[in-house]
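In case you want the letters, here they are:
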Amino acid sequence: MNDIVRRDPRKEWIARNRLHPEHLEVLAEMGGGDLHSEWIGPSGLTRRNPHAVGFIGPNGIKRIDRSGAQQAATQPGSRQAQPKDTRRRVEIETPAFLVAVVPVLPGGRLSSHDRDLLGLARQLADADPERPGAVLAIVFGAHKETVFDEAGVDRLLELQGDAFSGYLPETRIAALQSVERELAPRHWLLPDSPLGGGELGRRLAVRLGERPATQVWQIEADAASETGWRCTARGAAGTSDIIRHLPRVVLALAECAEPVSETRHAAQPVELAQALPDVLGRIEDMGEVAVDPASVSLSEAEFILSAGNGVKDWDGFHHAAQVLGATEGASRVAVDDGFMPRDRQVGATGTWVSARVYVAVGISGAIQHLQGIQSCDKVVAINLDEGCDMAKRADLSVIGDAGEILAALVTRIERYREQQQENRDAA
Amino acid sequence: MPHNAKSSSHAGLNVAVLVSVGRHPLTARARRADQDARAVEMALSMSDAAVHLIHAGGNGSDNEEALRGYLGMGIGEVNLIKQSSGADVVPALINALRDTAPQLVLTGTRAETGEGSGLVPYLLAEALGWPVINGLAQVESIEQGVATVLQALPRGKRRRLRVRLPAVATVDSSAPAARQSAFGPARRGELAARACASVPDELQAQWQVQPARKRPKRLKIIKSASARDRFKAAAAKADSGSGQLLSDVSPEQGAEAIFALLKEEGVLR
Ligand SMILES: Cc1cc2nc3c(=O)[nH]c(=O)nc-3n(C[C@H](O)[C@H](O)[C@H](O)COP(=O)(O)OP(=O)(O)OC[C@H]3O[C@@H](n4cnc5c(N)ncnc54)[C@H](O)[C@@H]3O)c2cc1C
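Sequence lines, in order, name chains B and Z.
Take 1 as the starting number for the first sequence in the UniProt record's numbering and just add one per residue.
Take 1 as the starting number for the second sequence in the UniProt record's numbering and just add one per residue.
It is possible that some hints are incorrect.
[Stated by the list, open to error] List of simulated lysine-lysine pairs, DSS-like, C-alpha gap at most 27 Å:
#1 Lys-378(B) / Lys-232(Z)
#2 Lys-144(B) / Lys-62(B)
#3 Lys-214(Z) / Lys-378(B)
#4 Lys-62(B) / Lys-312(B)
#5 Lys-392(B) / Lys-220(Z)
#6 Lys-392(B) / Lys-312(B)
#7 Lys-144(B) / Lys-232(Z)
#8 Lys-217(Z) / Lys-378(B)
#9 Lys-62(B) / Lys-220(Z)
#10 Lys-392(B) / Lys-157(Z)
#11 Lys-223(Z) / Lys-378(B)
#12 Lys-220(Z) / Lys-378(B)
#13 Lys-157(Z) / Lys-144(B)
#14 Lys-157(Z) / Lys-263(Z)
#15 Lys-263(Z) / Lys-378(B)
[Unchecked claim] To be clear about the criterion: a stretch of chain B counts as covered by chain Z if any three or more of its residues have a C-beta under 8 Å from a C-beta of chain Z, and this derived list gives those stretches:
#16 87-101
#17 349-360
Don't read these hints as lab results, they were simulated from the structure.
Glycine is no exception: its CB is placed at the ideal position from the N, C-alpha and C atoms.
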């Protein structure tokens, strides 16, 4: 499709000048579409079709060009080029070596830390364009991620099975050992996060007998090193930098590299030839312990139900928070009016929260409040006003009265709990 | 919490705590390491447990001062394994643990000085063939060689684990805070020094160590071909349109949509 519009300034000028002798001809030529807004009727009167006048502007609003010459297209969207995927496709058929990455996938998706790590892996793999390596991502258990290709994964090893659903570090290490035996990656990269990556990486390094570099935040090429790379790692509780050769096992901090954005990769599935070994674990996972959500501090909470000035039925709100198992938050107005304690205030002068799900009930979304929820993943707005800023920020906005919607939600959840209970009784 | 340390039987339980010399983050003075002190606190809170403290390292006057901080928590003595500076302490610690044969070894998650890689507990566990768990928040009970413990997860959550003893466990800052160190007991306590051959850490000698550089702040780069998009991205306030908007729905339909999202995200328990 050719998007380029050729303009003829002289014709445009004639079209604007109603007194020009060629005005009508030029108009007919320029407007020359199928819609005629003006014609001479059978009785000799000039007839006008008002609906055919004007065009839909880029914001979706109808514009009328008084000159009569329509500069933009009549059909909306025909000029708005669809954002095309310009990313380069990269396929590595026969990689010279592998760089293994074990992302943590909190909540089943790649976290930004995981993406940074994949960016780091790409740096290692793509250093020599003559002999490119491939990035192998090893994923345990079920996940929801669909864009491994965009994150820079060439080979994807999905280890499925019930064994990987819980916390069983010994089983996972045994699986990674099988990967080491069969695929022998040149490097192992893991995120140095408090749980998950940091722990798994240390276990793996010890099992492989490699001395890892921990808390790495930068790597540079270095010909003097045997791996060809040098890394900078934090030591002594973050107060010193250690510059050393890059070892085989690397535990890297967040923002250690830029995530991949310009290329798409194959994310070709691979499988292990041999079945995974059965491991007799000495650590048994008894499941998560229910903690009282009200006792969790706001900045740590994962699921927040937050109340604003739109909440009228406070007992209903507290009840809903209890049924949902959510930590309570509030906007400043709710706090100032004395409905909520000060330590529950979210926003610039309150707590900056990092919840995975933030439900804003009757909160308009003032900038001071939105600042506090910047790092929340999913925001749900319940509000009467569909034009409010919170609805713009939200991933899901439900327009309606807060009290009624919360009550309906409570009923729905109670029904769900009952069903679960029945299933459990039946089982 | 159904935790009652007094009633559970720890009879004859032998707990070793590995302690190191910490460093105050602001004044940089030697002190007891915070996480190690929490580990000591946890060991002391188990009734009937015989607690041994083990430290391997050099003993300058600074270090002695810091180690006495642990004695001030009400502990009779710290076993001090003398090592030359720049030595790898893992072999010495393995020997010491083989000698004392504890059922449970508690350590901090990572040291406040040196490399601070947090590898020591994992290396010890591998060498001794014991299981290792991290982020211990509470020991609920120990019965017939199996410990039931709570592991701290991010966001204030806890996970219950059962682990077969003997085991190594690391303690981080989600464990209960350590008690204060009292001056008198700290003076009276004994540092039982013992010499042990030290194995130099050769790799570490090659590293270049410098004070931590401030990490560069990541810039927000907008990759777009057209100037209009870049301008919009720079000047945008709240980008609307990405979210789903449900207006003119009954409260039940709205609730159903919210419920579906909550379930999808897995926050409902
Ligand atoms: C220096 C400074 C610092 C500030 N810091 C903070 C801060 O840290 N945190 C903070 O929150 N605020 C802060 N504010 C205040 C902030 O500017 C707003 O005034 C405040 O956030 C508005 O709170 P609200 O959204 O609850 O109330 P409103 O703006 O009154 O919004 C109420 C919303 O509820 C909706 N509503 C009404 N009735 C219903 C109903 N029955 N059902 C559903 N929806 C309904 C309305 O449509 C409206 O959108 C600060 C202000 C200043 C000047």
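Results of checking the hints against the structure:
1. Among the hinted pairs, Lys-378(B) with Lys-232(Z) is consistent with the structure: their alpha-carbon atoms are about 23 Å apart, no more than 27 Å.
2. Our distance criterion of 27 Å between C-alpha atoms is broken by Lys-144(B) and Lys-62(B), whose separation comes to about 41 Å.
3. Taken as a hint, the Lys-214(Z) and Lys-378(B) pair is broken in the structure, with Cα atoms around 31 Å apart against an allowance of 27 Å.
4. For the suggested pair Lys-62(B) and Lys-312(B), the alpha carbons sit about 40 Å apart, so the restraint of at most 27 Å is broken.
5. The suggested pairing of Lys-392(B) with Lys-220(Z) holds, with an alpha-carbon distance near 21 Å, which does not exceed 27 Å.
6. For a cut-off of 27 Å, the pair hint linking Lys-392(B) to Lys-312(B) stands: about 23 Å separates their Cα positions.
7. Among the hinted pairs, Lys-144(B) with Lys-232(Z) is inconsistent with the structure: their alpha-carbon atoms are about 31 Å apart, more than 27 Å.
8. Taking the CA atoms of Lys-217(Z) and Lys-378(B), the gap is about 25 Å. The hint holds against a cut of 27 Å.
9. The straight-line distance between the Cα atoms of Lys-62(B) and Lys-220(Z) is roughly 35 Å, outside the 27 Å bound, and the hint therefore fails.
10. Under the criterion of a C-alpha separation no larger than 27 Å, the hint pairing Lys-392(B) with Lys-157(Z) is inconsistent with the structure, at around 31 Å.
11. At most 27 Å may separate the alpha-carbon atoms for a hinted pair to count; Lys-223(Z) and Lys-378(B) meet this at roughly 24 Å.
12. Note on Lys-220(Z) and Lys-378(B): the hinted pairing holds, with a Cα-Cα distance of about 21 Å set against a maximum of 27 Å.
13. Between the alpha carbons of Lys-157(Z) and Lys-144(B) the distance comes to roughly 22 Å, so the proposed pair stays at or under 27 Å and holds.
14. Only pairs whose Cα atoms come within 27 Å are accepted, and Lys-157(Z) paired with Lys-263(Z) is accepted, the gap being roughly 19 Å.
15. Distance restraint check for Lys-263(Z) and Lys-378(B): the Cα-Cα separation of roughly 12 Å lies within the 27 Å cut-off, and the hinted pair is therefore satisfied.
16. Coverage of the region 87-101 of chain B by chain Z is violated [criterion: at least 3 residues with CB-CB distance below 8 Å; count 0].
17. Only residues whose C-beta sits within less than 8 Å of a C-beta in chain Z count toward coverage, and the region 349-360 of chain B has 3 of them, enough to reach three; the restraint holds.
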